[in-house]
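Number of protein chains: 6
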Amino acid sequence: MTLPSINARNQFRGKIKEIVFGSVVSEVDIETPAGIVTSVITTRSVKELDLQIGTEVLAFVKATEVSVAKL
Amino acid sequence: MTLPSINARNQFRGKIKEIVFGSVVSEVDIETPAGIVTSVITTRSVKELDLQIGTEVLAFVKATEVSVAKL
Amino acid sequence: MTLPSINARNQFRGKIKEIVFGSVVSEVDIETPAGIVTSVITTRSVKELDLQIGTEVLAFVKATEVSVAKL
Amino acid sequence: MTLPSINARNQFRGKIKEIVFGSVVSEVDIETPAGIVTSVITTRSVKELDLQIGTEVLAFVKATEVSVAKL
Amino acid sequence: MTLPSINARNQFRGKIKEIVFGSVVSEVDIETPAGIVTSVITTRSVKELDLQIGTEVLAFVKATEVSVAKL
Amino acid sequence: MTLPSINARNQFRGKIKEIVFGSVVSEVDIETPAGIVTSVITTRSVKELDLQIGTEVLAFVKATEVSVAKL
Numbered sequence: 001m002t003l004p005s006i007n008a009r010n011q012f013r014g015k016i017k018e019i020v021f022g023s024v025v026s027e028v029d030i031e032t033p034a035g036i037v038t039s040v041i042t043t044r045s046v047k048e049l050d051l052q053i054g055t056e057v058l059a060f061v062k063a064t065e066v067s068v069a070k071l
Numbered sequence: 001m002t003l004p005s006i007n008a009r010n011q012f013r014g015k016i017k018e019i020v021f022g023s024v025v026s027e028v029d030i031e032t033p034a035g036i037v038t039s040v041i042t043t044r045s046v047k048e049l050d051l052q053i054g055t056e057v058l059a060f061v062k063a064t065e066v067s068v069a070k071l
Numbered sequence: 001m002t003l004p005s006i007n008a009r010n011q012f013r014g015k016i017k018e019i020v021f022g023s024v025v026s027e028v029d030i031e032t033p034a035g036i037v038t039s040v041i042t043t044r045s046v047k048e049l050d051l052q053i054g055t056e057v058l059a060f061v062k063a064t065e066v067s068v069a070k071l
Numbered sequence: 001m002t003l004p005s006i007n008a009r010n011q012f013r014g015k016i017k018e019i020v021f022g023s024v025v026s027e028v029d030i031e032t033p034a035g036i037v038t039s040v041i042t043t044r045s046v047k048e049l050d051l052q053i054g055t056e057v058l059a060f061v062k063a064t065e066v067s068v069a070k071l
Numbered sequence: 001m002t003l004p005s006i007n008a009r010n011q012f013r014g015k016i017k018e019i020v021f022g023s024v025v026s027e028v029d030i031e032t033p034a035g036i037v038t039s040v041i042t043t044r045s046v047k048e049l050d051l052q053i054g055t056e057v058l059a060f061v062k063a064t065e066v067s068v069a070k071l
Numbered sequence: 001m002t003l004p005s006i007n008a009r010n011q012f013r014g015k016i017k018e019i020v021f022g023s024v025v026s027e028v029d030i031e032t033p034a035g036i037v038t039s040v041i042t043t044r045s046v047k048e049l050d051l052q053i054g055t056e057v058l059a060f061v062k063a064t065e066v067s068v069a070k071l
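As given, the protein sequences belong to chains S, Z, V, E, B and D, one line each in that order.
Using full-length UniProt numbering, read the first sequence as starting at 1 and increasing by one per residue.
Using full-length UniProt numbering, read the second sequence as starting at 1 and increasing by one per residue.
Using full-length UniProt numbering, read the third sequence as starting at 1 and increasing by one per residue.
Using full-length UniProt numbering, read the fourth sequence as starting at 1 and increasing by one per residue.
Using full-length UniProt numbering, read the fifth sequence as starting at 1 and increasing by one per residue.
Using full-length UniProt numbering, read the sixth sequence as starting at 1 and increasing by one per residue.
None of these hints come from the bench; they were simulated from the model.
Any given hint might turn out to be false.
Any copy will do: because identical chains look the same in the list, a pair fits if it lies in one copy or spans two.
What the hints assert, rightly or not - With a straight-line Cα cutoff of 25 Å, these simulated PhoX-like cross-link-like pairs (lysine-lysine) come out:
no. : residue 1 : residue 2
1   : Lys70     : Lys15
2   : Lys47     : Lys70
3   : Lys47     : Lys17
Given these sequences and hints, build the entire structure.
If you want it as structure tokens, here you go:
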């Protein structure tokens, strides 16, 4: 499943596995088929979206933010 | 496999499936277990890294760049 | 109106006023109550979202991407 | 008013309405004609710029950081 | 010299050495004491700021955009 | 010295001069020939990479994250 209305090409669906709360920003760790995806967002957003362990979310990233390393 | 020396928490290994060349930036589409990951990097970097279809690469993203949508 | 399900704190609703197409990325200029908001996204996204002049869209930005200058 | 010397196309002038201090980063909420714009910057910058409630500032964002959702 | 009014902690002063023009974005290469710093900005900004080879500019980056690799 | 396998065009080598720890993100200040470069990364990454004062690191930034101001 994807959010078709968003231009972000890179979308990863999953469930929140862990939240590390800070006073300003929090770390949200999302279990996806691709492995753990980690996001840092404002703690205010975590509360307004009522994100909790187990909440289903979509992590997404703009293509301009993705770096590439050659293996 | 990951690049353990990089701080980016979100790393996706894969093979380049397609490159769309532009005069300044190019789109690099990478086939990963998580699905297609799309990166926009400078065309100069594509050439300097000698990226081609089939090249094994690691796409990575800083946690501060990852957005979250509630489903 | 906002997309309440997205964590991005900064959301600007508007209508597309102009699109400058490039081979890889395109510039989308959006007329909002806040003035013109300019976004650069992949041309692939412009096509997949079928964005055109007049399309109603929401521009949004992560708080970590916003810089501040003192006046 | 804008800062003409900066390439960031998206500039929002306003007054600081609230600051949430953290040990490393702080959230700065800016009241603009476009509504509240939220920025997360280092707490060190908040102090060096002497940002306080009521300080006039310009929030700005690179066009490559702006995402688009279709409504 | 720095722009003291900007929160970006990482500022590099220099002269433009090369500009690669694209229809939407352009690459601006800046010669600084730190070496060449490369920026991709909208071609519209290049024109509005009247950037040319030899123009003195300040390249700056938010601390949240800087990645770290261990050597 | 650079990491040739990374597409980030802007790489600054140096030694960590100071770390400001937060519960979620930390500020890492790196002494480079270009001056102090400041990075904000997750505290988890600081620990996993075992970054300490004096550790040799490479700070790097995507060209799309670099803003330009005219002097």
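For Lys47 vs Lys70, is the C-alpha pair at or below 25 Å within one copy, between two copies, both, or neither?
between (38 Å within a copy, 12 Å between copies)
Intra- versus inter-subunit Cα pairing at 25 Å for Lys47 with Lys17:
The answer is both: 16 Å in one copy and 20 Å across copies each meet 25 Å.
At 25 Å max between alpha carbons, let me know whether Lys70 reaches Lys15 within a copy, between copies, both or neither.
between (30 Å within a copy, 10 Å between copies)
Of the numbered hints given earlier, the model fails none.
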